[in-house]
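Enquirer: On the provided structure of chain A, position chain B as indicated by the hints.
Protein sequence lines correspond, in order, to chains A and B. Just so we're aligned, residue 297 is where the first sequence starts under this note's numbering, counting upward by one. Just so we're aligned, residue 456 is where the second sequence starts under this note's numbering, counting upward by one.
Keep in mind that the hints were calculated from the coordinates and are not lab data. From a predicted model like this one, the values you see are computed outputs, not experimental measurements. Ideal Cβ placement from N, Cα and C applies to all residues, glycine included. Any given hint could turn out to be false.
[Said to hold, decoys possible] Beta-carbon label-pair distances, calculated as ranges:
(1) 407/A <-> 732/B: 46 to 56 Å
(2) 490/B <-> 302/A: 37 to 47 Å
(3) 416/A <-> 686/B: 26 to 36 Å
[As the list claims (entries may be wrong)] Straight-line distance between alpha carbons at most 25 Å, and here's what the computed SDA-like set of lysine to any residue pairs gives:
(4) 428/A <-> 502/B
(5) 306/A <-> 783/B
(6) 342/A <-> 687/B
(7) 426/A <-> 694/B
(8) 342/A <-> 699/B
(9) 577/B <-> 633/B
(10) 577/B <-> 542/B
(11) 342/A <-> 698/B
(12) 428/A <-> 507/B
(13) 342/A <-> 318/A
(14) 342/A <-> 686/B
(15) 428/A <-> 694/B
(16) 342/A <-> 683/B
(17) 342/A <-> 324/A
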Amino acid sequence: MIVFDRVGKKYDNGHEALKGVSFTLPPGEMTFLTGHSGAGKSTVLKLILLMERASSGTVSVNSMNLNRAGRRDIPALRRSIGMVHQNHHLLFDRSVFDNVALPLVISGFRAPDIDRRVRAALDKVGLLGKEKLSPLNLSGGEQQRVGIARAVVNRPPVLLADEPTGNLDPALAAEIMDLFEEFARVGTSVLIATHDLALIARYRHRLLTLRAGELVQDIGSDAAAWVDGEGDADGP
Amino acid sequence: MALDRRTDVKPAPKPAPRGGASVHEVRWRDRLDAALDHHRASARDAALRMARQWLTSLMTVLVVAVALSLPATLYVVLDNVRALAGQVEGQAQVSLFLKMDVDERAQRALATRIGQRDDVVKVDVVTREQALAEFRAQSGFGEVLESIEGNPLPGVLVVQPASVAVAEQVREALAKEPQVDIAQLDSGWLQKLAAMLAIGERLAQALGAAFALAVLLVVVNTIRLAIESRREEILVVKLVGATDAFVRRPFLYTGLWFGLAGGLAAAVLVALLVAWVGGPVQALVTLYGSAFVLAGLGIGGSLALVALGALLGLAGAWLAVGRHLRDVEPA
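Chain A on its own, in the form it takes in the complex (with noise of 0.2 Å):
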């Protein structure tokens, strides 16, 4: 669940990315943010992360107020979200298998729960079998994918996806986006920043889309405006 309520953020240099942004994520819902580079997607994704903090506005996670959240509720937010950056952000002097089991190894989970749980997750993403291999002996997509299996290990109920099929093949695109939608069903609030407009249009989620820093459309996942709403996801 994820909450803005008029969020703004101005940078310091000035720089104004998001302006009296509001929507609500409910648990189990899939939706899609787009919008320009620079139209502040990045930045909704770092306040959600407590990687910025808004400077006018409420955002909140899992009913956990991030205005008032210190230096030491961060661990337990992040824990809570699965992030799947855009550049994998993985450690290349581990195996994929530790890669995929830090969470878990965080949060506290014992050895055999972790090796139980990060196979079943890597077999999700189709790299079951390269668990001892270094992520740097893995192509550009399937580097991606140990950053999606890292993500959802945890299983958390908020998942957050940089661009998740960039590097991916159609039909690994798919498979993760079934992933992705398997999670909602079973509860996660998903929220997917991507540029992809065939995969948007293909997929019919709920669709935010970001102009400026201000948010533009809001397009339900059954609402009519699909029809013709597509075109408008990325502008000209």
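Expert: Coordinates of chain B only, in the frame set by chain A:
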């Protein structure tokens, strides 16, 4: 909420007979065990990283070792000098040369009276005759005495004060005795030695503090570099929700290992030094007919040195981590 979900997805074991408390207990134990797992993993990982860059690590350990062994050596030297001084302390004595007209009976009476003082342990009587006989036997100037008429030597009382500290006080008191001609303190040099020892001790403490600071700074710098070189990793671990304690742990172990290894090496260095100097020192004290044996740090001292090293390493790591880990934040 996160906690709830986590318990949700765990395959439910046997349902606990009465919910709450026992489940909590298991989870608490699980968390403790997991924390211990991570301690073990961090400790091993820190050691492996040191081993992988063994040359750099060796340098750091040696710097720590040298910095620790210098004040430790000074301590050993002082300790030995103190022991040596202690051995001679028993011989601190006041010699009372009596006036020539004091006869043997008066001499013994005086000795008995002085012997009753609280600050005096023992009084030896050397009569004029004994003094003469001794002089004849030992000085080699026996013939000279033949040419002198009568006995030129005075009666002597050798007084042993209770301690070096009161020796001067005893001498002053006894000098006032009318029958005493000269009261001479034979242990004046011992008091000077004690004063010098006190100076040496202060010096050792100051040097010890300075070198401890040096060790601390070396470790701080080493850990700072380690944090810098693992910046990416720290960012990633923080992004997936690691607590400060989790991020800190491997670095604290790194500091601990450097301090521990440095302390061990310092203890070995001091032991080698004592062994190296021991032979010549033995030869020297044998010449003086003393039974003095050069002492090293001993087991207790060595352990204390290792513990000190470990403590300084841990403290240095703590300082570095507190100072630099906050700077590494994902943005």
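Enquirer: Can you list which hints this structure breaks, lowest number first?
Expert: none
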